Structures are given as structure tokens and as C-alpha cells.
Amino acid sequence: MAYDNAEQLEGFRLEARKWLEANCPPSMRTPMVDDEVVWGGRNATFKNPDSKVWLDRMGEKGWTAPEWPKEYGGGGLSRSEARVLEQEMRRIKARPPLFSFGLWMFGPALLEFGNHEQKLRFIPDIVKGKTRWCQGYSEPGAGSDLAGLQTRCEDKGDHYLINGQKVWTSYADKADWIFCLVRTDTSTKHEGISFILFDMKSPGVEARPIQLISGESPFCETFFTDVKVPKDQLVGRLNGGWDIAKRLLQFERSSISAGGFGGTGGSGILGPDDYAKHHVGTDETGRVADGDLRGRIADHKMYVKAFSLTVQRQTEQAKAGQAVGHTASILKYAAAKMNQDRHELLIEALGTEGLGWSGEGFDKGALKATRQWLRSKGNSIEGGTSEINLNVIAKRVLGLKEHQ
Amino acid sequence: MAYDNAEQLEGFRLEARKWLEANCPPSMRTPMVDDEVVWGGRNATFKNPDSKVWLDRMGEKGWTAPEWPKEYGGGGLSRSEARVLEQEMRRIKARPPLFSFGLWMFGPALLEFGNHEQKLRFIPDIVKGKTRWCQGYSEPGAGSDLAGLQTRCEDKGDHYLINGQKVWTSYADKADWIFCLVRTDTSTKHEGISFILFDMKSPGVEARPIQLISGESPFCETFFTDVKVPKDQLVGRLNGGWDIAKRLLQFERSSISAGGFGGTGGSGILGPDDYAKHHVGTDETGRVADGDLRGRIADHKMYVKAFSLTVQRQTEQAKAGQAVGHTASILKYAAAKMNQDRHELLIEALGTEGLGWSGEGFDKGALKATRQWLRSKGNSIEGGTSEINLNVIAKRVLGLKEHQ
Amino acid sequence: MSFVLTEDQEMLRETATAFARDELSVNHLRALRDAGANGKDPRTRQKLAELGFFGVIIPDEPGAETFGLTGLGQILEAQGRTLAATPLLQTALIAATALQLGGSPAQQAEWLSKIAGGETTFALALDESAHFAPYSVATEAERNGQGYTLNGLKKYVPDAHHADMLIVVARTFGESGDRHGLSLFLVPRDAKGVTIAELKTVDSHGAAHVTLENVMVPEDALVGPADQGADILDPVLDRAAIGLAAEMLGSAQAAFDITLEYLNNRKQFGQLIGSFQAMQHRAAKMFIDLEMTRSCVGAALAAADAGKSDVAELASLAKARAGELVHLVSNECVQMHGGIGMTDAADPGFYMKRARVQEALYGSASWHRDRYARLNGF
Amino acid sequence: MSFVLTEDQEMLRETATAFARDELSVNHLRALRDAGANGKDPRTRQKLAELGFFGVIIPDEPGAETFGLTGLGQILEAQGRTLAATPLLQTALIAATALQLGGSPAQQAEWLSKIAGGETTFALALDESAHFAPYSVATEAERNGQGYTLNGLKKYVPDAHHADMLIVVARTFGESGDRHGLSLFLVPRDAKGVTIAELKTVDSHGAAHVTLENVMVPEDALVGPADQGADILDPVLDRAAIGLAAEMLGSAQAAFDITLEYLNNRKQFGQLIGSFQAMQHRAAKMFIDLEMTRSCVGAALAAADAGKSDVAELASLAKARAGELVHLVSNECVQMHGGIGMTDAADPGFYMKRARVQEALYGSASWHRDRYARLNGF
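Protein chains in written order, with the numbering used here: chain A, 1 to 404; chain B, 1 to 404; chain C, 1 to 378; chain D, 1 to 378.
Only chain A is shown next, with the shape it has when bound in the complex (with noise of 0.2 angstroms):
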């Protein structure tokens, strides 16, 4: 079903627009909010019931994934459609019904290097968020080295046998399954990698959380002892998985520098311009009173003013069919530079109200900001951290040399 011409776009927004309007509960047209982000899986938790009914209803329709194929139960719409049917969302301020790896990171990856089997057995169930899927990627010993990675699958004959330890597995205490890579050839580095799945209520699989600096935990230590795994469920190739983690990496250095970071904004936190009028004070012209404080707080906001107009062009450039370059990269470095120093100048025009750690006595903003503060320096280290983006800027787009 692909439309053509404006034409049969405008018919298919009419008939978005209608089944929105009567499938879309109006609970789920107001701003989203935190603990009622929905991320599914076999234990989901819905706080607000409607978040249920509206996934429930778009996962049907695969409009949870609107451009994957309506073989493996996804919208199987155009790109066009697709970005008819966001207008049409955002038109009626619908929430996004559903938070899921399997959906920015995993899906993808696997429509392109599953199997059809695996695709029948494991994308539906993503599209209607029936399991939740975790990332395991990092080692303790192999960070922004990932090829370094060395957890253990053997072939067992029957079965593959993993044992080893991942670490920054995002939420693996609460996910069903994992995407994991594994090394299945000690001879050689990138070469000895594969990509494989198993469910993580696997005898020997153990998550511990970790707890962070501002006092979350969405991280875990994951440990596998003996964990035993089917063979049909190794993605591509043995030893072919580092192509499979490069795809991946793509995804998500992307997802993070179009803004999907943990501490960008937040509802209920102004802008340091605000809270240094508000603290600081403002001179007769209505100038922050400490012209060494606004000065860098102007900084800041061109940076960020920049830093838009950056993914503006190179959205431009790009559908105009202009050669963009490594942009990921840069915009992932930028934007992480650009919400550690929105948050550091937070704190400082907070003054000592954005001291605080919980309870009585803080403004309930600021405390958001405090911890959102701490969350931000993650920015610079998750997905690559900025000095490995510094080193691909030299390498690939600057061409910069190694040493001889």
C-alpha cells in the first residue's frame, strides 16, 4: 500500500487523522509524564490505564513501527506516510505509546541481519511490546574498546554456552531478553564476535543494578554462568557480529544526539538565564547582575542555538541529497558538551539552591536539576565517549593519520 502522489497521501492523513481521533484515549493527548512512560514487556506496568488501551491498539495496527514490514506485524507504511502519520500525532499531542530498545536499537538491526524465522519469532511481539529487549554490550574490561569484549560462548553441539560479565546493560533487571555480544573466537579481535539472543530468565543470568551518582539505577552489572542458549537464536553469522554492533551503534549514537539523552531538560527546570535573574538578581536594565555569569550563560545559549541550526542543516543538506559526512559523531559530542554545560550553568546561577539532594527546603525544580546535573556527565561517556568521537572527527572525516 504505497501512495504515490500527494493525492493519496492527503487520503491516507484523512484516514490517520479519523482513526486517531477515535482510538487515541484523550489521557494520552496530554504531555508526557515521567512515570507513565510505557516500556512493556512481560511484567509492563501501565499507571495510567489508557497508556494500555492506546498501546494495545497501536501495536495492532504495527503503528508502533509504522514503516516495518505488515509481514512481521509493523505498519508497512512509505516514508512519506510515516511522516504523515507523526504530523497527525503531533497534531493531537499523542503521546508516544510505547519506550522500547527493540524498537530504536534492536528492530532494525534485526529486519536487516535476522533471519526470516527470527524475524516471525521476535519482531511482532517488539511492535506490540509484549517483550522488552536489553543491550549487552560493554564489559567491565572493554568500554569504549567494545571489540575487546570477552565473554565467552562455546559450541556445545546442541546449544551454545555462555559465560561472562556485561556491565551497563540499560534496564536489564526489568527486560525479557538480550541482545548480546559474544566472543566465539579467542584468535582474533573483531573477527571473533557474534550476535545472539536469549531470554534473560535463562538459568545463570543475573542482573544486579547499579547505582549512579544521582542516584538512579538504570544501569545493571549482568552476570552469565553457564547460560545455555539455543543455536537458532545467534543473529548472522558466527563471528559475524561486529558488523551486526557497528549497525547498532549507528542507531544509537543517533537516537542520543537527536536528543534522546537521559538530563536534557525536563519538565518543571528553567533555563540558567532564568534562575540567575531569579538568584542572582538583575541590574536596572534588566540585565543579570553578574555580567561575568550572563556573559557565559549567552555563551551557552548560542551554542545551543548553534547546535539546532547544526541538525537543521544537515537535515536540509541531506534531503537535498548533499553529501553530510560523519555527522553523528559531531553532534553526538556537541550535544553532549551542550547539556553538561547547560546543567553545570544551572547549578552555579541556582546558587546553593541547587545544593539540595532530596526532601523539605529545595524547590522541587531545582532538585530535578541537581540530579539531572549528575545524570549529564553520563553524556560524555554512554554511546561512545566524547574523546572516541574526537579520535573518528580525526580519523574519518578530517583524515588525520595514525601513528607509523
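Calculated directly from the structure, the hints in this document are not laboratory data. Keep in mind the model is a prediction, meaning the values are calculated, not measured. Heads up, the beta-carbon is just placed ideally off N, CA and C, and yes, glycines get one too. Check each hint, because a few of them may be wrong.
[To be verified] Okay, derived cross-link-like pairs now, BS3-like style, lysine-lysine, Cα gap no bigger than 30 angstroms in a straight line:
{"no.": "1", "chain 1": "B", "residue 1": "LYS93", "chain 2": "D", "residue 2": "LYS308"}
{"no.": "2", "chain 1": "C", "residue 1": "LYS267", "chain 2": "D", "residue 2": "LYS308"}
{"no.": "3", "chain 1": "C", "residue 1": "LYS285", "chain 2": "A", "residue 2": "LYS246"}
{"no.": "4", "chain 1": "D", "residue 1": "LYS285", "chain 2": "B", "residue 2": "LYS337"}
{"no.": "5", "chain 1": "B", "residue 1": "LYS395", "chain 2": "D", "residue 2": "LYS285"}
{"no.": "6", "chain 1": "A", "residue 1": "LYS189", "chain 2": "B", "residue 2": "LYS401"}
{"no.": "7", "chain 1": "C", "residue 1": "LYS285", "chain 2": "D", "residue 2": "LYS285"}
{"no.": "8", "chain 1": "D", "residue 1": "LYS285", "chain 2": "C", "residue 2": "LYS267"}
{"no.": "9", "chain 1": "B", "residue 1": "LYS337", "chain 2": "A", "residue 2": "LYS395"}
{"no.": "10", "chain 1": "C", "residue 1": "LYS267", "chain 2": "B", "residue 2": "LYS337"}
{"no.": "11", "chain 1": "B", "residue 1": "LYS401", "chain 2": "A", "residue 2": "LYS337"}
{"no.": "12", "chain 1": "B", "residue 1": "LYS401", "chain 2": "D", "residue 2": "LYS285"}
[Stated by the list, open to error] On the chain B side, residues computed to face chain D include the following (Cβ under 7 angstroms):
{"no.": "13", "residue": "VAL288"}
{"no.": "14", "residue": "ILE330"}
{"no.": "15", "residue": "LYS401"}
Fit chains B, C and D to the known structure of chain A by using the hints.
Leaving out everything else, chains B, C and D in the frame of chain A:
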């Protein structure tokens, strides 16, 4: 003649005071003027005739090099006496009688590494300002990597034969003699370097001044074509030049970080705060009106203060016999940054008044500031780049390892 | 907003880039300097006229399309790459904009075609102190029987040492610092009472202090209504800042390019200096800044052409960021070239010298940060 | 000026460093936090008293020598290294200084020995907004028959949640913002009308908002002359800033040390991360900043002890530079530790959290830059 106690030292003070009173011409007790600096040498110029009188008297007494042995024409003073002499000269605001790379760099090295005959031959003429020396170190292909030098020195039995090219040779076009690093063994790097002296009037020597971005030409490219050098002009052992070179670099680095920079301050130039007050204006409370610029000037002035306190601390600690580590690299790095920041701020505060090159229409001090701004860019390059200094600190002071 | 050039603009960009590369190289500037030209270059002016570069924002007939400021920005970026000294910013941008915004039909008829043809060049005589402060104008224009009498001193006026005409910002009402009371006047450079004191500047482009002593101009020398000159001046200065930012972007890009080339060729310790990680990270950061500044300049050019309400804000954004960029890149260009970078025979020093002039004209980064903050209400 | 410690001071430094290392480690703070202590640690207070640390600037008998602020600075630096929460800054430095400068003989006789013995701890209740602004005091002290009645709100008062006594800065004349009209009062924490609202803070040291509602104090609660409290407050705050800068220097040094150790142990891509040049240069720059800040702190301590006239200037220098230093180093400490640095189980986050509190108290870097400029006349 070593005074051992305070009383004897006071005796020396009176003696020195009396001698200076009698021998230092009145015009030599006024602040130094740029074009009256005396560099000595065969073609010495004395814009002010008193400066010749002053040099001759001080040279005769050996007080241009107060602590050098009397045997070689030096003053033969103890460290304490030399300090007293310095104090007494400062008391009457006596100008230094002689500026000389021979005094600052080559002399100390020759006293340490040369043989008796060489010292007898060369040191007295340094003390008296009769010979002007230049330093043949850097080469076009060997800047930061000094030991990569290629100027060949071949043993021709009764003499050495030198072929090659030096660059950044300070005042090579005005110098009488050169102390020079040459390659005497091509099969090895550091161990194939020798330290040799020769007359700049030797056939085959040509010095071409390099014009700098500041418009000045204190450096030359220096070419050696079949230059014959007597064998007794080799200092130290054959292939043992690198040790002398390293020692000399220390003299150079500490004389630079102690404030011997070109482009440091200079008379007729006000500070960035003064220029900002004048050109940018002040608010009703007397503060520089541009709060952002003001903050940066304050930051710079704090850096300057912190730097001078650090010099003072290290001096005191050294006197107290406490270890102070590799301070030369730290001070060299910081001094370059400080001086460059200062001149950038000067130019910024001066606005268009700081954009003149020559001629009418610009304030004289401002014109000087502009030239010194350009000159200051060399501070992070000459005598070991800032990058090299950071490498040295990382490795030698902090103990960070190399790649394995 | 469009960041994508039209086909016409793209062609203009290519022409301008090739012209700057082939005929206005840094060596050309060096030669002019050594000949004592101080930025005066009639041959180049002639060529620019032949290429039609003076008229890119002037419609052939009323209402016709032009290349827009975006088109002119491409030319200025190209001339920034090679540090070319041309009359385009003052004449093709500033004077053309001022006359289009404020000129009477007669003034437009007389001057716009002369600008487009390269027959007449202009210089905007505004600043009276060493820092950009557009309303700090004390130069007086007093009414007399037939017109106005001008008295005052203008400092560091770019192109005034070779332009044919001056646009003088003078005060017809109020006091220095007031926005109200400014008026713009067309004054022939050779008018009686005008003294041009040529300045030898660090960038070898030259400039002049202009003294006006009882300079008599007729009534019709006034551009736009009396006292309300700031309504013309403000948008003109925003566009001047944007055009200069485009030039600065070109300079920064070129300084970065030659640095990158040096990093990939020069060896120390047996290694390319560009293979040292500390250098790589510094280069990568500069590249990110370049990319982000390019977006700001593009957005500001497009906003000016679309007549958007945020032109002032984007002008300050572009000029401030371009200022910081060209400052950083020109310094790094010298530093990364090491000793070579300190020599007059190499190009890095030329980029550094021109950068400080670019930074100071039409508002420093500090000035525009302040304005950006004011426009954003803090 | 002396940067070289006396033998006594050197021994004090060693004792303090060993004590902090052995008994007040970051793990000690973590354990206190997990136990909900919020900075309250009576056992440590007891030990500090036994070590005599409360009395290092209080002479045993009038006129006797002490370790001086330089001595106390060594202890604060040591406790900064391990982020220890102790009453020393508020009590041994601030209260002891205030009483020595402004206390009556009776007050000195009563309180100084109690401070030295660790019997009584104090907290300076000054700030009324979220930013340091020492003269912005609206808290009123009204004369009544027997003494004064205090009304007002003090925000984020360090140690107020466990100190025995408060030193309250209140206004007896004029308006908020005036230097003249301030007065200092000794107020028992459990006095009627005093409400302590304990705060859970990011650094786990805790603090409290203090409300004063018709708090009656006798005449002799006044420290120094009425209305002229700023003459005591100013030097006290300078010394507080210097003492805190010493603590910050210790924190920055320790955060740097653990980073350096990590750089020399952690491998990525088969190489020690400390062998990557970009890391090396960043580490070297931090080290230079550390060395320079150490000089500023040392000079400020020595100037205070020598009663030099430039104490204020050096206090601002030390606090501003220590603020920038600890800000940079604590951020780099987290970043260079990578993911590990983001975990609560590792120490870097503790340094970063405490750093922001240190930066904010007694004037941010920005505040002190402003004052430094004012003191230097621009």
C-alpha cells in the same frame, strides 16, 4: 676571596657600592631604552657612548659575570656576594652592561664541559663583551625534535668539515661565533651529535635574516657549505654533544620562564584593564562597562598573580632545600600562556586602536602592543613548544607511561 | 529557512571561489602590501565589476529577483578564504542595503546602478571611538539654508582611503548615545572639508580616520528621514555583521584547511604531527566549531533574505561565533605550524592579523554576546 | 611571605593528613550518608577535640604563639582530601576568628576555651538568599529593654543542623545591601524562637535553613559594637574563604591523584588510558593549575597570619582559583574514569558533589573575580 660571614659580606657591600658610585656613568642609571641595549661583539654599536664606558669597566672587573672564575676573567664572587652586587646595582638602578647569549647560555656550558684551553680562549672575551655568540640548534626538519638534526660534520683528519642548514639562529647575522650542534654519527640519533664552535666569518657560512609576522628579523636561516673547523674547537667528547645540548636547553628554558621573553610587557604599554577602562569605558561604579571582557581580564590578572606567587614559592622552597620537581616546564608553559593571554586582551581592549601596523593615526604604545602581540605568539614555540612541555610534565613529573 | 543554495547561488559560489583562488590569493595580498598599496587595488575592483559582484543584491529592474544576501555571502566567504581586500562589504552590501532601505527614488536611481556597475564605491563612516558603539555619535549635522553642515571625526573607517563616496552617520538631534537623532548623509570623499588620514593597518587592508570640518552637503544628501537614521542603520549593521561573519567563516575554513594539510605533512620525532592525539583532538574540536558556525552564518543569511524578525538575533549569533572561531583557528594555525607559522613568508600570520580586524569591526564577540543576551531578555 | 611551613606546622600537617586518611576516608562519608547521618558525626568531633584541632589558632594564654591560619589550613586541606565533614571551618576558624576580632574579654574568656576544647561548636548564620551577598541582610535585631529581638530567615547555613551555638548576622540599622548597620549576635541553637530546618544536601554534609522568630537575646550576646559588624565580618569572611580554599585544594589534589592512578592502571585498546596523549595533556594542564593554586592558597594563609593589607585580594584570588580548579578536576575525574566514574560505588562522584558546595560557599569564582577586579580598580 670568599666571605664567610655577614660582617665580611657587609664589607663587600661597601666596597661594591663605592666602586659602582665611582664607575657607573649617570646615564647608565636610567631605565633601559630599547635601542641602547648593548650586545657587544666585534661590530658592537653603542648608541650612547656611556654604555661603552660602562661595559668596559664592568668587563674589566669581571662583574658582567660575577660568579665566573677570576682565572677566566670572571668576577670570582661567591653566590652571596653576587647577590649583594645585584642588590647594589638595583639600588642605583644601574643598567645591565651587556646582553649576551655568551653570558646566559654558552659560557655556563663551556665552563662545565670545555677544557682549560677552551675556557682561557673564549670565556674572557664573553666577559668583556668582545665576542658575540649565537646558537646553532634548530634545523628545518628538526624543531621540537631537536635530536633529529642533520647538519653533517665530517672528520677530515686535521679538521672537521661542516655542511648543512640551521634555522631560528638568533642574531646569526650579527654574531661573531656560533656554538653549534652537528651530526658526527648518522647510525644513531642522540649519541651521534657533537658540540662544536666556529667563527661566523669562516668561508662557507651564510646567514639570512627571517622576517617574522611582527615585522622583526631577530632570527636567521644559516647555511654551512664546506665550512672547515679546527679540531680543537670541538667541546667535550666526539658524539657527546647531546648532554651539553640538554644542559643548555635548561639554561634557555629557565631564562625564558624567568621572564626573558620577547614580547613580555615592555615600556609604554599599559595593562588590559587600563586600556579597557579607557577605550571601553566604565559604569557609574568605576567598573569596566563590558562585564564579559572585565571578567576575562580579571581572570588573566589572577593568573599573572598566581604565576608570580608560584615562582616565589618555588624559590623559597628550593632555598629551604625542599624538592620542587621539574619546574622549568611548568613555568615555561604558564609564562607563554600568560603572556599570550595578556596580549590578546590588550588587543581586544584596544579595539581598532590596536589594529595599527605603523605610521600616523595610532597611539605609539598601541602600535607597540600590536607588534608585541604578534611577537608573543612565539612564546609557546621557542625554547620547547607548549606541547613538548605538556609531554614532559605528563611523563617526567606525573609518571604517565608511553604507549606500549 | 533554507540552508540549501539555489542553483544560481551555487554557481555564483563556484565562480567566486575560483576567482578568489586564482586571482586574489594570499600571495596577491602580500604583493600588494609589499608594494605599499595598503588595500588599494583598482585592477581587482575592475574585475569584480566585470563579474557583476557589486550588484548581486541589486535587482536589474524594480521587483526582480537577486542572488540575495545569501548570494553575496558566498562571495564574501570566498574572499575571506584568501583574505582578499575588496570594496564589496562596504559598497555591494552596506551601501546597497542602506540605499535600498532608506534612499529616495532619485537616490536609488542615481546610485544603485553605479554601485552595480562598480562605478562608485562607498565607505560607511560610523565609529568615533575604538569600539563599535553605533549610537555613540557626536558628529554634528547642522541645518543651514541649503542643506547641512557636518563636523566631526570618524575613526578607523574601512575603505575610506579609496572609496568615492562616504555614508556619514551624524547627529541632527540629541546627544551621543541616543538612538533617536541620527541621520545618514551621502558625502563625496573629495568634498571640501573632508580630510582622509590613511592608516597602515595590521591586516594590510588599510583604513582611514575621516575628519569632517564644516562640510556642506545639500538637502538631498540625506538618506531617509532626518533623526530617524537608526531605523536604517540598525538593519544595515545587522547585515554588515552577517556579511562579515560569512567572510570570517571563509577565513577560518581556509586557515583550518592549511593547518590540516600541514598536520598531514610535517613530521617530528619520525611521526606526522597530525598523528599525535592531542593535535587530533584540537583539530576535531575546531572542525565541530566550524560546522556549527557555518550553520549560524547560513541561517543568518537566509533570515535576512526572508525578512524574518529574528535577523538581529541571528546576526549577533553569527558574528559572535564567527569571531570566536576565527580567533581560535587563526591562533591554532600559527601554533600548529610552529616556527614556520611565525614567519612572514608563511600564510598563518596573515590569517591571524586579518582575524583581529574582522573580530573588531561591527561588534566584537563580547559586544554581540551582550546584545544576544539583551534580545533574549536576560 | 613564607611558603615554607615551620617544623610545628609540618608536624601538624602530617598528623592531620594521617588522621584524615585513616579515620575520615571517603568511605567514612559514604557510611555516614548511608546511615542517614547527614554530616552529623559526634565521634569525629570527639577525636578532633582530642587531637587539639579545634584550638590551633587560639593561643593557650594571651599573646602565646599558635599554629596560625597556616596551621589550620593544613588541617582543612587534609580534610578536603577525603571530603570529611567536620565542624572545623565553622568553629575552629570562623567562630574563633570572630570572637578573637570582636569578642569582649568576657566573651573570649567564656567561649575561646570551649572552642579549643571542642566543647562548643558554632555555625555562622549569614546568607539569606541562594547566593553569597554578605551585606544583603534583612534579618532584624530590634532593641528591647534587656537586649535584642531577632527576626529573620537564614538559608543554607553549614553545620547549623548540629552546632551548639549560632553567630547570627542581623541588621540593627539601615537596609539590606548596606554595609553599615550589621551586628553579630551569639544565639544558642536551642533558644526559644529558633527553628532549624535540616537540609539533605548533595554532598552529604547537610546544612539547615534557620528561622528566627522573636528570638530574645541579652545585651551581651552582641559581638563587637552594634552597627559595625561588617568590620568583623569582612575579615572573618576573607579567612573563611581562605580556609575553604585550602580545603578545596585538598579535594582537587585528591581527585587528581585518584585520576592519575586510574590513568596509569586502566587499559583500553590494549593501552593504558594514561598513555594517550590527549589525556596526558589534560592531566598536565590540571597539574599546572594545581601547582599555581597551591601557591595562591599558601600566600593567602601566610598573608592572613602576617596581618598583611592584601589579605582580601589574596582571599579572592585563592577562592576563585580553587573554585575553578576543583570544578575542572572533579569533572575530569568523573570523565576520565568513564562509566565507573558515574557509579555511586566509586569516589569521583563524591568529589564532584562536594566541589559544587565548596564553590558556592563564601563566594563563587565569579563573585571573587568581580571583587578582585574591584580591589584592582577596574
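Okay, the hints, checked on the actual structure:
no., hint, verdict
1, B/LYS93 with D/LYS308, "28 angstroms, holds"
2, C/LYS267 with D/LYS308, "53 angstroms, violated"
3, C/LYS285 with A/LYS246, "24 angstroms, holds"
4, D/LYS285 with B/LYS337, "11 angstroms, holds"
5, B/LYS395 with D/LYS285, "13 angstroms, holds"
6, A/LYS189 with B/LYS401, "24 angstroms, holds"
7, C/LYS285 with D/LYS285, "18 angstroms, holds"
8, D/LYS285 with C/LYS267, "25 angstroms, holds"
9, B/LYS337 with A/LYS395, "28 angstroms, holds"
10, C/LYS267 with B/LYS337, "25 angstroms, holds"
11, B/LYS401 with A/LYS337, "28 angstroms, holds"
12, B/LYS401 with D/LYS285, "17 angstroms, holds"
13, VAL288, "5 angstroms, holds"
14, ILE330, "5 angstroms, holds"
15, LYS401, "5 angstroms, holds"
The structure shown violates just one earlier hint, number 2.
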